[in-house]
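Position chains S and Z relative to chain C; hints supplied.
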Amino acid sequence: MAETWQLVIFWLLAVIIIGSAVRVVTTGNLVHAALYLVGTLMGAAALYLLLLAEFVAWVQVLVYVGAIVVLMLFGLMLTRAPIGKGDFDNNQRPLAGVVALAVFVVSSAILVDAFEGKEINLSTAADPSVEALGEAIFSTYVLPFEVVSVLLLAALVGAIVLARKD
Amino acid sequence: MTELIVAAAEGGATRTGFFTQYMWLVPLLPFVSSAAIAFAGRRVPSKGHVFGILAIAAAFALSLAGFVDLATEAKPVEQSATWFQLGNPAGSAEHGPALGEESVEGGAPGTGFEVGFGIHYDFFAALMFVVVTGISLMVHIYSTGYMHGDDRYTWFFSVLSLFTGSMLFMVAADNLLQLLVGWELVGICSYFLIGHYWEEKENSSAAIKAFITTRIGDIGMMFGIFALFLIAGTFNIAELNLAAEEGLIGGIGLTIACLLLFAGPIGKSAQFPLHVWLPDAMAGPTPVSALIHAATMVVAGIYLVGRTLPLFEAAGVALDVVAVVASITMIIAAVLATLQDDIKKVLAYSTISQLGYMMAALGVGAFTAGIFHLFTHAVFKALLFLGAGSLIHAVHSNNMSDMGGMRKFMPHTYKTFIIGSLALGGIFPLAGFWSKDEILGSALRHALEGHWSAWVVFVVASVTAFLTVLYMTRACIKTFFGEFRGHGHPHESPGSMVTPLWILAGLSVVVGFLGIPVIGPFADWITLPGEEHHAFSLGYNLILPSITLLSAAAAIYVGYLMFYAQKIKINMIGGPFEWLYRFVENKYYLDDIYLGGVVRPVQYPLARAAYWTNQHILDGIVNGTAAGTLSAARGTYEWIDQGTIDFMVNGAAGITGRSGGLLRYIQSGNIQRYAAVLFAAVAIFVALLALT
Amino acid sequence: MPVTYILVLSALLFSIGVYGVLARANAVLILLSIELMLNSVNINLVAFSAMLQESGIPGQVFALFVITVAAAEVGIGLAIVILIFRNRSSVDVDEMSLMKW
Numbered sequence: 001m002a003e004t005w006q007l008v009i010f011w012l013l014a015v016i017i018i019g020s021a022v023r024v025v026t027t028g029n030l031v032h033a034a035l036y037l038v039g040t041l042m043g044a045a046a047l048y049l050l051l052l053a054e055f056v057a058w059v060q061v062l063v064y065v066g067a068i069v070v071l072m073l074f075g076l077m078l079t080r081a082p083i084g085k086g087d088f089d090n091n092q093r094p095l096a097g098v099v100a101l102a103v104f105v106v107s108s109a110i111l112v113d114a115f116e117g118k119e120i121n122l123s124t125a126a127d128p129s130v131e132a133l134g135e136a137i138f139s140t141y142v143l144p145f146e147v148v149s150v151l152l153l154a155a156l157v158g159a160i161v162l163a164r165k166d
Numbered sequence: 001m002t003e004l005i006v007a008a009a010e011g012g013a014t015r016t017g018f019f020t021q022y023m024w025l026v027p028l029l030p031f032v033s034s035a036a037i038a039f040a041g042r043r044v045p046s047k048g049h050v051f052g053i054l055a056i057a058a059a060f061a062l063s064l065a066g067f068v069d070l071a072t073e074a075k076p077v078e079q080s081a082t083w084f085q086l087g088n089p090a091g092s093a094e095h096g097p098a099l100g101e102e103s104v105e106g107g108a109p110g111t112g113f114e115v116g117f118g119i120h121y122d123f124f125a126a127l128m129f130v131v132v133t134g135i136s137l138m139v140h141i142y143s144t145g146y147m148h149g150d151d152r153y154t155w156f157f158s159v160l161s162l163f164t165g166s167m168l169f170m171v172a173a174d175n176l177l178q179l180l181v182g183w184e185l186v187g188i189c190s191y192f193l194i195g196h197y198w199e200e201k202e203n204s205s206a207a208i209k210a211f212i213t214t215r216i217g218d219i220g221m222m223f224g225i226f227a228l229f230l231i232a233g234t235f236n237i238a239e240l241n242l243a244a245e246e247g248l249i250g251g252i253g254l255t256i257a258c259l260l261l262f263a264g265p266i267g268k269s270a271q272f273p274l275h276v277w278l279p280d281a282m283a284g285p286t287p288v289s290a291l292i293h294a295a296t297m298v299v300a301g302i303y304l305v306g307r308t309l310p311l312f313e314a315a316g317v318a319l320d321v322v323a324v325v326a327s328i329t330m331i332i333a334a335v336l337a338t339l340q341d342d343i344k345k346v347l348a349y350s351t352i353s354q355l356g357y358m359m360a361a362l363g364v365g366a367f368t369a370g371i372f373h374l375f376t377h378a379v380f381k382a383l384l385f386l387g388a389g390s391l392i393h394a395v396h397s398n399n400m401s402d403m404g405g406m407r408k409f410m411p412h413t414y415k416t417f418i419i420g421s422l423a424l425g426g427i428f429p430l431a432g433f434w435s436k437d438e439i440l441g442s443a444l445r446h447a448l449e450g451h452w453s454a455w456v457v458f459v460v461a462s463v464t465a466f467l468t469v470l471y472m473t474r475a476c477i478k479t480f481f482g483e484f485r486g487h488g489h490p491h492e493s494p495g496s497m498v499t500p501l502w503i504l505a506g507l508s509v510v511v512g513f514l515g516i517p518v519i520g521p522f523a524d525w526i527t528l529p530g531e532e533h534h535a536f537s538l539g540y541n542l543i544l545p546s547i548t549l550l551s552a553a554a555a556i557y558v559g560y561l562m563f564y565a566q567k568i569k570i571n572m573i574g575g576p577f578e579w580l581y582r583f584v585e586n587k588y589y590l591d592d593i594y595l596g597g598v599v600r601p602v603q604y605p606l607a608r609a610a611y612w613t614n615q616h617i618l619d620g621i622v623n624g625t626a627a628g629t630l631s632a633a634r635g636t637y638e639w640i641d642q643g644t645i646d647f648m649v650n651g652a653a654g655i656t657g658r659s660g661g662l663l664r665y666i667q668s669g670n671i672q673r674y675a676a677v678l679f680a681a682v683a684i685f686v687a688l689l690a691l692t
Numbered sequence: 001m002p003v004t005y006i007l008v009l010s011a012l013l014f015s016i017g018v019y020g021v022l023a024r025a026n027a028v029l030i031l032l033s034i035e036l037m038l039n040s041v042n043i044n045l046v047a048f049s050a051m052l053q054e055s056g057i058p059g060q061v062f063a064l065f066v067i068t069v070a071a072a073e074v075g076i077g078l079a080i081v082i083l084i085f086r087n088r089s090s091v092d093v094d095e096m097s098l099m100k101w
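Chains as they are written, first to last, in this note's numbering: chain C, 1 to 166; chain S, 1 to 692; chain Z, 1 to 101.
Chain C extracted, bound-state conformation (with noise of 0.2 angstroms):
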C-alpha cells in the first residue's frame, strides 16, 4: 500500500520536474524560464523529501530557490532582459537535440543496466536525523566542509572583484 502511494507520489513529481524543466529550456520568456526553474526545483525538494533526505530537501529550498534562483533573477535584470517573448534559440538546435538524447541515451542505458533489480525500500530504511548529517559532515566530511567553505570565500571575492566598477 505504502509503495504504491510511494510510485505516484513519485511519479507526479516526475512529471513536474521534467515539465518544468523543458519549459525552461523551450520557453522564449526569460523571467518565465526562471520562474519555471523554481518549479523544477520545488519538485526535486519534494523528491528528496520523499527519499527521507528532509535536511537537503530544505537547504535545497532556502539556497536554490531562495538564493541562486533570485540571482539569476537579478542577472536577468542587471543585463536588460528583454520583458515578453523573444527567441532566445541560437541555430545549432538540431545539433543540440541529438547530443542531448545521445547522453541520455548512453546514460540511461548504463544506469539502467547497472542498477537493474535494486530497490530504495522506503518503509525499512532508517530516516537519517539531521543529528547523523552533522555529526558526518564535522566528523568524517570536515576536510571538505573547510575547502568549501575557503571556495566560497572565494567565489565571494572573486564575484567582488569581477563585477566592481572600476
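Incorrect hints may appear among the rest.
[What the hints assert, rightly or not] Just some of the chain S residues that point at chain C, by a computed CB distance under 8 angstroms: (1) 600; (2) 669; (3) 672; (4) 679; (5) 680; (6) 683; (7) 686; (8) 687; (9) 690.
I should point out that these hints are in silico values taken from the structure, not numbers from a laboratory.
Here a beta-carbon is modelled for each residue, glycine too, at the ideal position from N, C-alpha and C.
Positioned in the frame of chain C, the structure of chains S and Z alone reads:
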C-alpha cells in the same frame, strides 16, 4: 755464382785488399762535393772550387791506392745492395738457377728481377777510376784559371763534380741498370756543360743536339738491356758475361740484343752515324771539352763494349758490325780533321777518329790493346785540349787563321802541345806509339786468323794513322809557326793553366811504357779471361812498328810540304773533283740529312699534331669533364635539391599550412558549439567503453 | 520502488540541461540550464544514499556540498555575465565569438 765470377776474374789474386773495400767512396765523394758546392759555393771565398778540387783529389788518391792494391795481388771486389724486387727473383738464397742450370742449389727458378746498385771493382774499373779522377783533377785545377771571372763559376764546378761522380758511378756498376743510370746522368751533365754559354743560341743548340743525338742511341741501348734481360734473366754484367762464355745464351737473340746495346755506344762514343754532335759540342768551354769529350764521357761507350765483350764475342756478327762501324768512323773523321779551321774542331774530329780506333780494337777482340789506347788517349787528348784552351784564352778566338807563330808568345803551351801531338801521332817512344801499334798488330793477327772484318780494320787503321799525323802536323804548323795573323798581344797563360799541361805532358811520355808488349805490366792487369798475349815476335813487334813509324815520318814531311813550305797545293775547287771537296766540306751532308729527314718532320708535322691533340682532344676532355660536372651540379641543384627535396619540405609545410587553414574553421568561437562537440564526444566514449 | 526510475529521471533531467546549455543563446539561460544539470546529480546522489543507507549518509552530505558549489559557481558566473554585458551591451552568446579563426 758470385764466387764463381770472382774466382774467374781473380787469376792470381789472393789477399783481400785494404783500400779495395772502400772504393764505393770514390763515386760518392764527387756527388757530395757537387751538392756542397751547389748549396754553399757562393758564400765561400773560393766560390766553390776548393770543395771540388779537394774531393776529386781525395778520390784520385783513393783510386790510385785501390789500383795499387789490385796490382799487388788483392782480390777484385763486388759489393751490392738491393733496392727493390719485383716478383720473386730468388727461389733460394742465390738467384735461383739461371737458364739451363740444374737446380743444384735447391732453389726454384726465379720469376722476377732485382733492381739494385753495387760496385764491381776489378782492374778495368780501377783503371777507369784512376783515369777519370786524374783527368778530372787536372781539369778542375785548369778551370780555376780558365773560368776565372765567369758569372756561373760556382755552377760550373758543381756540375763538373756531378759529372765526375756520375761517370764513376757508371764505371763502378755491377749491373746494366745502374750503368744506364750513370750513362744518362753523364749525358745530362754534358748537356749542362756544353750549354754553359747558353746566351749564344748556337751554344744552347749544340747542347740540345748533343743530348738528343745521344738519346737516340740510348733508346736502342735500353732495348738492348731489356732484350738481354729477357734472354738471360739478369741485369748483372758478370753473370751475363759468364752465361755468354759458357754458351748458355747465344744465337740470333743475343746478336740482336748486342746490336741494340751497341746503339748506345754509337751515340755516346760518337761513332758513325751518330757522331755529328761531337764537333758542335766544342761550343762548350775548353776544360769541358777536355774532360768530357776527350777523356771520359765519350769513352763510356768503349767502356760498355769492353765490359760486355764476352757477349759480343758470343754473338759473332755483332762484333763484325762493331769493327766495320768503327772503321768507317775512323776514316771519315780523320778526313774531316784535315779540313777544319777551328782548332777545337780539329781535336774533336781527332777524338772521333781515335774513338773509332778503340772501338775497332774491341771489334777484333783486342781488349787489352783497346783499353790501353783508351788510357793513353785520355792523357794526350786532354793535354791537347787544354793546350788549345790555353791558345784560345790568349787569342780570344778558336780559329787557327787567327793564330800563327804562337811558339814565340806561349812557349810552355807550344812545347806541351807538340809533345801531345807526337803522342797522338804515335811517334816512338811516346804513349800513342805503343797503344796504336798494339791495335794494328792485333788487327793483323786477327785478320790472318781469317776474320774478314779485321782486314777492314787493319787497312783503315793504317790509312787513318797516316792522316792523323798529317792533320796534327797541319794544326801545329798553322798555330805555332809562321807569322801571327791575329789581333792583339797574346801572352802565356797563368800557372794554374800551364801546370796541368806539363803534368799531362810528362804523363804522355811515361805512360806508354806501361804497355810495352811482353814486358809491360798492363797486359797482366787489363785482360779478358781467355785472351791471348803473345810472346815477342819479330814481325809484330819490330817490323810492323817500323813501318808505321816510317809512314808517320812521311806524313810529317808531306804536312811540312803542304802547309809550311806550301810546295804541294791541292786545290780541288774548280777542278773535276770539286763535288768531292764539297761533299767532304759539308761533312758528307750528314747534318743536312738529319735536319731534313729527322728533325724537321718531327718539329713541324708531329709537333703540330701533338699540339692539336693536346688542344682539342685532351683539353676537350678536360673542359668537357668540367662542363659535365657543372651541368651535373646545376641539375642536382635545380632538380634534386630545389625540385625534389625542397619541394617535399615546402610541400610538407604547405600541406600543414593548408590543412591548418581548413581545420581552423572548427574554431568558430561559439562556445556552445564546443560544448556540443564535447558532450557528443563524451557520449560516444562512454558508449564505446560500455560496449567493450 | 526500483531505483532505476529515479536514475532515468535524473538522466532525463541531465540531458534536458544539456540541451538547454547547447541550444540557448542568452548567457543567463545557460546558467539556468547548468542548474538543471546540477540538480539531476543531486537527485542521483540522494537516491543512492536512500538505497544504500550507509552510516554517515555520504550521499546527502555530498548533495549538500554540490548545492554549495552550485551557489558559488552561480555567483561567479553572473559576475562574469554582468561584466560581459558592461563591455558589450549584450549577453547574446552568439555574438561572443572573438576567439574564432
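How the hints compare with the structure:
1. 600: Residue 600 (chain S) check fails; min Cβ-Cβ to chain C is 105 angstroms, beyond 8 angstroms.
2. 669: Violated - the Cβ of residue 669 (chain S) stays beyond 8 angstroms from chain C, reaching only about 13 angstroms at its closest.
3. 672: 6 angstroms, holds
4. 679: At about 5 angstroms, which falls below the 8 angstroms cut-off, the nearest Cβ of chain C leaves the hint on residue 679 (chain S) intact, so it holds.
5. 680: Residue 680 (chain S) check passes; min Cβ-Cβ to chain C is 5 angstroms, inside 8 angstroms.
6. 683: With Cβ-Cβ at 4 angstroms, under 8 angstroms, it holds.
7. 686: 5 angstroms, holds
8. 687: 5 angstroms, holds
9. 690: This interface hint holds because 5 angstroms falls under the 8 angstroms limit.
In terms of the numbered hints stated before, the structure departs from hints 1, 2, listed from lowest to highest.
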